[in-house]
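**Student:** Sequence:
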Amino acid sequence: MKTYIQNGHVITVPTPAGGIASGDGLIVGNIFGIAAYSAAEGDPLELSTTGVYKLPKTSAAVLAVGARVAWDNTAKQVNIPGAGRFPIGISTEAAGNGITSVTVRLDGVATAAA
1 MKTYIQNGHV
11 ITVPTPAGGI
21 ASGDGLIVGN
31 IFGIAAYSAA
41 EGDPLELSTT
51 GVYKLPKTSA
61 AVLAVGARVA
71 WDNTAKQVNI
81 PGAGRFPIGI
91 STEAAGNGIT
101 SVTVRLDGVA
111 TAAA
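The sequence shown begins at 1 in the UniProt record's numbering and counts up one residue at a time.
Just so you know, the hints here were simulated from the structure itself, not pulled from any lab data. Some hints could be false.
[Stated by the list, open to error] Cβ-Cβ distance ranges computed for the label pairs, FRET-style:
| hint | residue 1 | residue 2 | range |
| --- | --- | --- | --- |
| 1 | Arg68 | Thr12 | 24 to 32 Å |
| 2 | Thr50 | Thr3 | 17 to 25 Å |
| 3 | Ser38 | Thr3 | 20 to 28 Å |
| 4 | Ala94 | Ser22 | 24 to 32 Å |
| 5 | Tyr37 | Ser101 | 16 to 24 Å |
These figures come from a predicted structure and were not determined experimentally. We put the CB at the ideal spot given by N, CA and C, even for glycine.
Work out the full structure: start from the sequences and follow the hints.
**Tutor:** Next comes the structure, spelled out in structure tokens:
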């Protein structure tokens, strides 16, 4: 197919101000992804937009298997959906109060919550 470019599981974006470390979550417009490697500001960066990743979680958030989760871009952590948080996928494990990470299946889209 002559119009095909790529499968979209990994896309290339410019690295944001301050750079990024490998494995960090990043929102670019309405795209959420995980940095495939560390990169300096302005350099091309590959973001994984789908897959299952172990991500930092707000300690107080209580998540069940299959719960929708959102990215708090200020705290750089997974939390429950809410104002100012960006839905990114679903929890693939239960994670209660006091747990500081959770596995998440990414949707590949981050749309700001109302």
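**Student:** When the structure is checked against the list of hints, which entries are broken? Sort them ascending.
**Tutor:** 3
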